[in-house]
Each structure stands twice: as C-alpha cells, then as structure tokens.
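Colleague: The lines below spell out each chain.
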Amino acid sequence: MTVWHKLRPYGMVAPAIIIFSLFFIYPIFYMIYLSFYDWNFISPTKTFVGIQNFVDLLSEPEFMQVLSNTTVYTVLTVTLTTALSLLLALWLNRGNFFYGIVQGAIFSPHIISLVSISLLWSWLMDPEYGLLNWVIGLFGFGKLQWLSHPSTSLVSLVIVAVWKGIGYNTLVFIAGLQSIPADIYEAASLDRSRPWTTFTKLILPMLSPTIFFLVIINMIGSFQVFETIAIMTQGGPVNSTNTLVYYIYEYGFRFFKIGYASAAGVILLVIVGILTIIYFKLLSNRVHYR
Amino acid sequence: MARILLKGISKTFKDETVIQDLNLEIKDGSFTVLVGPSGCGKSTTLRMVAGLEKQSGGEIWIDDTCVNDTPPGMRDVAMVFQNYALYPTMTVRGNIEFGLKNRGVPRNERDKLVKDISEIVGLAPFLDKKPQSLSGGQRQRVALARAMVKKPKVFILDEPLSNLDAKLRNQMRTELIQLHKRLGTTFVYVTHDQVEAMSMGDEIVVMNKGAIQQADSPMKLYQDPANLFTAQFIGTPAMNIIDMQGMKGLNIRSDRPVGFIGFRPEQGLLNPDRPVEGLVLKGDILTRESLGAENIYQIRSDAGTFFVKTFLRPLEPADAVTVAVPHDQLYYFGPDGGRIYGAGMQERALIAGGAIV
Chain A
1 MTVWHKLRPY
11 GMVAPAIIIF
21 SLFFIYPIFY
31 MIYLSFYDWN
41 FISPTKTFVG
51 IQNFVDLLSE
61 PEFMQVLSNT
71 TVYTVLTVTL
81 TTALSLLLAL
91 WLNRGNFFYG
101 IVQGAIFSPH
111 IISLVSISLL
121 WSWLMDPEYG
131 LLNWVIGLFG
141 FGKLQWLSHP
151 STSLVSLVIV
161 AVWKGIGYNT
171 LVFIAGLQSI
181 PADIYEAASL
191 DRSRPWTTFT
201 KLILPMLSPT
211 IFFLVIINMI
221 GSFQVFETIA
231 IMTQGGPVNS
241 TNTLVYYIYE
251 YGFRFFKIGY
261 ASAAGVILLV
271 IVGILTIIYF
281 KLLSNRVHYR
Chain B
291 MARILLKGIS
301 KTFKDETVIQ
311 DLNLEIKDGS
321 FTVLVGPSGC
331 GKSTTLRMVA
341 GLEKQSGGEI
351 WIDDTCVNDT
361 PPGMRDVAMV
371 FQNYALYPTM
381 TVRGNIEFGL
391 KNRGVPRNER
401 DKLVKDISEI
411 VGLAPFLDKK
421 PQSLSGGQRQ
431 RVALARAMVK
441 KPKVFILDEP
451 LSNLDAKLRN
461 QMRTELIQLH
471 KRLGTTFVYV
481 THDQVEAMSM
491 GDEIVVMNKG
501 AIQQADSPMK
511 LYQDPANLFT
521 AQFIGTPAMN
531 IIDMQGMKGL
541 NIRSDRPVGF
551 IGFRPEQGLL
561 NPDRPVEGLV
571 LKGDILTRES
581 LGAENIYQIR
591 SDAGTFFVKT
601 FLRPLEPADA
611 VTVAVPHDQL
621 YYFGPDGGRI
631 YGAGMQERAL
641 IAGGAIV
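Each protein sequence line maps, in turn, to chains A and B. In this text, residue positions in the first sequence follow this note's numbering: the first is 1, and each later residue adds one. In this text, residue positions in the second sequence follow this note's numbering: the first is 291, and each later residue adds one.
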C-alpha cells in the first residue's frame with residue numbers, strides 16, 4: 001500500500017466534503033453561535049446576551065403567529081398536495097389517452113421558477129382584474145379578495161404551493177404505483193376483492209414508503225416557504241402570511257437584528273430536525289418495505 | 291369440480307393475433323397441462339379461463355355456465371401465479387384468508403379453514419410471518435394454500451415451479467400430483483417444460499403459435515405424435531428428424547409425399563449384433579453424455595446429426611458406428627409436418643439394409 005493508495009479515497013470525497021462543510025455545516029454552527037449574541041451585521045463588536053434572543057422570540061406574539069401561520073400552511077399544503085396527487089396518479093396510472101398530456105401538463109409547474117409562478121398567480125388572484133375572480137363571477141359568486149385579505153391570504157398561498165407541487169408528487173406516486181406488480185391486482189380480483197378493499201388493503205400499504213417520503217419532503221419544503229411570500233404578500237396583510245423563513249429574512253437582512261434572526265433560525269432547525277428524526281424512526285418501524 | 295369448454299376462442303392484442311379459433315375440452319377432474327414454447331399462447335389461454343384476459347372471440351364454458359361476462363372472482367377459479375403474487379403487506383394468514391374475508395366467511399370458520407390448510411401444506415409455524423421472510427418453496431405453499439382455501443371448482447397454475455431450484459421443483463411436482471389426487475378438482479397447468487408436462491399431466495395440450503398441435507395423454511403423445519412439432523417438442527432428447535431432401539437411395543412407399551422421417555433416440559440400436567430390418571445409418575460419434583444408467587451419443591452422419599440413447603450398456607468407445615432403427619419404429623411426416631400413417635420402406639430396400647452411407 002503506497003501513501004497514494006491510502007489517500008486516494010479521501011482525495012476523491014474531499015471536494016464534496018469541503019463544499020458541504022463550507023456551505024452547510026459551518027453556517028449552521030455559526031448561526032447557533034450568533035443566536036446568543038446581539039449584533040447588527042456591521043458593527044465590529046458582538047454583545048453576548050445569552051438566551052435573551054430566545055426569550056424575546058418566544059414572548060413575542062408576532063412570532064407566535066408566524067409559527068402558527070407556518071404550521072397551518074404546512075398542514076394544508078402537505079395534506080392537499082399528497083391527497084390530490086395520489087388521486088391524480090391513480091387516475092393517470094390506468095394508462096389512458098390523457099396520460100401523456102396530463103402528466104406533461106401537471107409536471108410543467110415544477111420546472112418553472114417560483115418567482116415566475118408567484119408573479120403569474122399575483123395576476124390571476126388580482127381582486128379587480130384577475131382571471132380567478134372573473135371565472136367565479138361566471139358562476140355567479142361574488143369577488144374574493146384572495147391575497148389582499150387576512151382571511152383568504154394564507155389559503156391563496158396554499159393553492160399556489162399545491163399547484164406547483166402536484167406534478168412532481170403525482171410523478172413519484174405513479175412510479176410507486178407502477179412498482180406494484182400487475183399480478184397482485186389479478187390475485188386480488190380472483191380473491192373477489194372490491195376496488196375499495198384493493199385500494200385500502202393492498203395499494204395503500206404498498207405505497208406507504210412513497211406516501212411517507214412525499215409527506216416528509218413536502219413538510220420540510222413547506223416549513224421553509226419563502227419565495228411566494230416575498231413576492232406575493234411580503235408577509236401581509238396584517239402578518240397573516242408571515243412564515244418562519246420570511247420572518248428570519250426580514251429580521252436578519254432588513255432590520256439587521258442578526259442575533260434575533262439566528263435564534264429564529266435555530267428554532268426552524270430544531271423543528272425540521274425533529275421532523276427528520278420522526279421520519280427515520282417511523283420509516284424503520286411502521287412503513288412497509290419489500 | 292368442473293369441466294371447461296373453450297369454443298372457437300381467439301385473442302388479438304392490437305393488430306397481432308395470438309390465438310385463433312381454439313377449441314378445447316378440459317375434462318372434469320383432470321390434470322390438464324398446456325405446454326409449448328414461449329409465446330405460443332398457453333398463458334394467454336389460461337388467463338382467459340381465469341377471466342384476467344378477455345377473449346376477442348368465442349365462448350368459455352365452465353360446467354353449464356358461459357362465463358364470458360363473469361368477472362374473475364365470480365368464476366370459482368383459483369390461480370397460482372408464476373411469481374406467487376402474494377400480498378407483501380399481509381402476513382401468511384392474511385394472504386390465505388383475504389379471499390375468505392371478501393366472501394364474508396365468518397371469523398371462526400375462517401380460522402378453522404386457515405388452520406386446516408396450513409397444516410396440509412406445512413405452513414402452520416409461519417402463519418404470522420410476512421411472505422418476504424419466507425423461502426421460495428414456502429412462498430409457493432402460501433400461494434397454493436391461498437388458492438386451496440377457497441375450495442374452487444378449477445385450479446389454475448401458471449408456471450408455478452419455474453422459480454424454484456431443481457430439487458425443490460421435483461419435490462413440489464410430486465406434492466402437486468398428490469394434491470390433485472386428494473382434491474379431485476380440475477387442474478389446469480401451464481408450463482414450457484415438457485418434462486414437467488409429461489410427469490404431471492394426465493392430459494397434455496401441446497400448443498404452438500396460438501394453435502393446439504395435439505391434445506392427448508402423455509404416452510399417446512410420446513408414442514403417437516400427430517405432427518412434426520409434437521414429435522420434436524416431447525422427449526429428451528427430442529425425436530430425431532431426417533429431412534428427405536438430403537437423402538438418396540431410400541425407397542419409401544406412401545400414398546402421400548414424405549418430407550421427413552423420425553425416430554426416437556432410444557430406438558436407434560448402436561452397433562447391433564444381428565442384422566436389423568429397418569433404416570441403417572453410418573456415422574461418427576461427436577459427443578458422449580454419460581448419465582449413469584443411460585448414455586446419450588450425438589452422431590453425425592450424411593443424413594444429418596442425430597442422438598442415440600442406450601440403457602445399461604457400457605460407453606461405446608469407437609468413433610465410427612452403425613445405427614439401425616427397426617422398421618416399426620420409424621415415423622413418417624409430410625413436407626407440411628403432418629404425420630403420415632401407413633407409410634413404409636420397400637421390402638427390397640429393407641433386405642438390402644436400406645443403408646445410406
């Protein structure tokens with residue numbers, strides 16, 4: 001064994017490790033470090049304040065609303081995206097004529113930049129001139145305020161997120177459905193299984209790894225929602241769409257309260273961390289894998 | 291118990307005709323084996339009987355009911371799939387009783403049925419395990435138990451042994467034969483393995499290119515093949531076929547033109563001690579396979595390469611050999627492959643040995 005032989009594997013993984021450490025590991029620790037300080041980003045001195053940032057955050061009603069907004073947004077987005085894309089996948093998986101067209105159509109939002117999508121939906125949801133109000137007007141309904149009213153603004157953002165996410169989710173569900181061998185369905189039909197029984201007793205359990213994967217990926221993604229909010233609502237009206245990441249961004253890069261923003265970042269890190277741990281725990285115990 | 295009748299069945303996938311005008315009667319209580327090369331339509335036929343595939347034309351009758359529009363679950367048919375098709379999310383018990391649950395069989399009756407069946411197939415210790423933790427043979431038994439527990443009129447088995455190793459396959463083969471005897475139910479079995487077909491079936495249906503070549507008992511099929519295809523498909527090694535086009539000096543009397551002559555490898559006498567009345571071929575031994583009780587020789591002659599099988603005789607050391615086939619062991623086929631009965635060689639040629647050198 002030459003030295004080169006021993007070093008080669010480390011040399012091979014070094015670029016990935018360096019980039020990962022520099023842009024992921026280091027910022028995380030730096031953020032945790034900053035969360036104990038009071039700093040305005042510019043001043044050369046940082047003041048150590050202990051857990052004061054966390055105390056401030058958790059006693060701030062605005063932050064509590066942000067947490068609640070984020071949770072409501074996540075729960076709605078994840079449930080709707082998963083349920084709708086599962087239904088779509090079941091329908092498309094029959095391999096009918098629509099398959100190609102619909103699959104392409106619903107997947108296209110996934111490849112469009114979120115900024116474009118946000119602008120597009122801002123127009124669609126415009127209370128005066130938007131297409132959506134015109135369409136519901138055709139059915140005789142009154143105008144909705146969409147993004148401009150606290151009661152509908154968060155749900156409007158959920159609609160955009162579902163619209164954006166459904167294509168990718170459907171695609172993953174279709175892949176999951178196609179990995180179920182056809183003879184399982186045939187055996188079920190010979191066993192006089194009704195469609196609903198086949199779905200609940202066979203398809204759903206066999207899809208459980210897929211469902212679980214998507215729920216967790218969507219959850220983590222929803223907790224970190226930022227672009228649509230920054231472009232469409234800036235957290236308003238009256239804080240009704242302010243979410244965790246947007247809150248961090250505002251405090252960090254607009255009000256320059258870096259320590260305070262870092263503390264909020266640590267809370268986000270803890271939430272996402274807990275979700276990930278639950279994911280792997282459940283994955284090893286509850287979810288069926290072949 | 292049930293008799294199955296296929297009347298003028300045809301099947302087309304898009305523009306491709308897989309089966310055309312197939313007529314077949316599967317007798318009540320028989321062990322019928324559909325055998326043929328890949329893509330001959332045997333599995334498709336089976337799946338149409340089960341209702342998993344809809345025929346393009348014709349009628350399927352099970353007993354006195356035309357089941358053309360009966361869904362699979364209502365045909366009283368149970369199937370064992372090639373890959374077992376067990377429900378991976380359910381335990382062995384769940385797999386076996388799923389069909390019973392769907393029929394609304396009450397719980398205590400279900401438990402008794404599952405218990406009885408699992409003892410018959412030797413699965414009792416595994417009832418609470420998932421299929422993926424079982425071996426191939428055990429999964430096979432779960433598939434069988436799942437089919438048996440419904441007490442169907444017809445058992446359908448689609449290459450059920452092809453995923454097992456050779457030893458287990460032989461064992462399961464015997465078990466299936468015993469199972470058939472015990473249940474007395476009609477078994478329809480698909481395989482591409484003619485040995486499996488010969489050893490298990492009491493009725494064998496040889497298929498090729500979507501058409502039935504011959505449907506008969508195993509021995510009838512072996513001794514009296516209706517055509518060239520059956521003759522070459524059944525038997526290990528297959529029947530030797532000599533193309534008449536490359537032959538001279540043979541004097542055959544027949545009312546129809548003869549295209550091919552065939553003989554079974556075990557009917558060829560290697561270096562006979564006494565002169566034999568029949569076809570005599572001279573050739574060189576290419577290979578020798580010694581299987582203990584029997585030896586198989588591959589021999590090249592001017593009439594082509596053929597096999598000869600000998601029993602309980604020492605391995606032939608010489609390279610140049612003479613092979614004689616008695617007159618009554620020769621099969622004659624027309625140029626289209628159809629069997630010609632009543633053909634034979636001229637007496638004079640026989641006395642002269644009918645030799646082709």
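I should point out that these hints are in silico values taken from the structure, not numbers from a laboratory. Be aware that a few hints might be false.
Stated by the list, open to error - Label-pair restraints from in silico Cβ distances:
(1) A:Leu204 - B:Arg393: 14 to 24 angstroms
(2) B:Leu458 - A:Ile180: 40 to 50 angstroms
(3) A:Ile277 - B:Asp483: 24 to 34 angstroms
As the list claims (entries may be wrong) - With a straight-line cut-off of 20 angstroms between C-alpha atoms, the simulated SDA-like cross-links for lysine to any residue are:
(4) A:Lys201 - B:Pro396
(5) A:Lys201 - B:Asn392
(6) A:Lys6 - A:Ala16
(7) B:Lys419 - A:Ser284
(8) B:Lys391 - A:Phe29
(9) A:Lys46 - A:Ala16
What the hints assert, rightly or not - Every beta carbon over 12 angstroms from chain A, so not counted as near; a handful from chain B, in silico:
(10) Val308
(11) Val367
(12) Gly384
(13) Ile446
(14) His470
(15) Ser591
It should be emphasised that the depicted structure is a prediction, and the values quoted were computed from it without experimental measurement. For glycine and all other residues, C-beta sits at the position ideal for the given N, C-alpha and C.
Colleague: Would you mind marking each hint as holding or not holding in the structure?
Modeller: Here is what the structure says about each hint:
1. A:Leu204 - B:Arg393: 14 to 24 angstroms: holds (22 angstroms)
2. B:Leu458 - A:Ile180: 40 to 50 angstroms: violated (27 angstroms)
3. A:Ile277 - B:Asp483: 24 to 34 angstroms: violated (52 angstroms)
4. A:Lys201 - B:Pro396: Roughly 19 angstroms separates the two Cα atoms, so the pair holds.
5. A:Lys201 - B:Asn392: Since the Cα atoms of A:Lys201 and B:Asn392 sit roughly 11 angstroms apart, the hinted pair holds (cutoff 20 angstroms).
6. A:Lys6 - A:Ala16: holds (18 angstroms)
7. B:Lys419 - A:Ser284: Roughly 17 angstroms between the alpha carbons, so the hint for B:Lys419 and A:Ser284 holds.
8. B:Lys391 - A:Phe29: violated (57 angstroms)
9. A:Lys46 - A:Ala16: Violated. A:Lys46 to A:Ala16 sits at ~32 angstroms, over the 20 angstroms cutoff.
10. Val308: At about 18 angstroms from chain A, B:Val308 clears the 12 angstroms cut-off, so the statement holds.
11. Val367: violated (7 angstroms)
12. Gly384: For B:Gly384, whose nearest Cβ neighbour in chain A is about 9 angstroms away, the distance does not exceed 12 angstroms, so it is violated.
13. Ile446: violated (9 angstroms)
14. His470: holds (19 angstroms)
15. Ser591: Holds, since 48 angstroms exceeds 12 angstroms.
Violation of the numbered hints given earlier is confined to hints 2, 3, 8, 9, 11, 12, 13; the remaining hints are satisfied by the structure.
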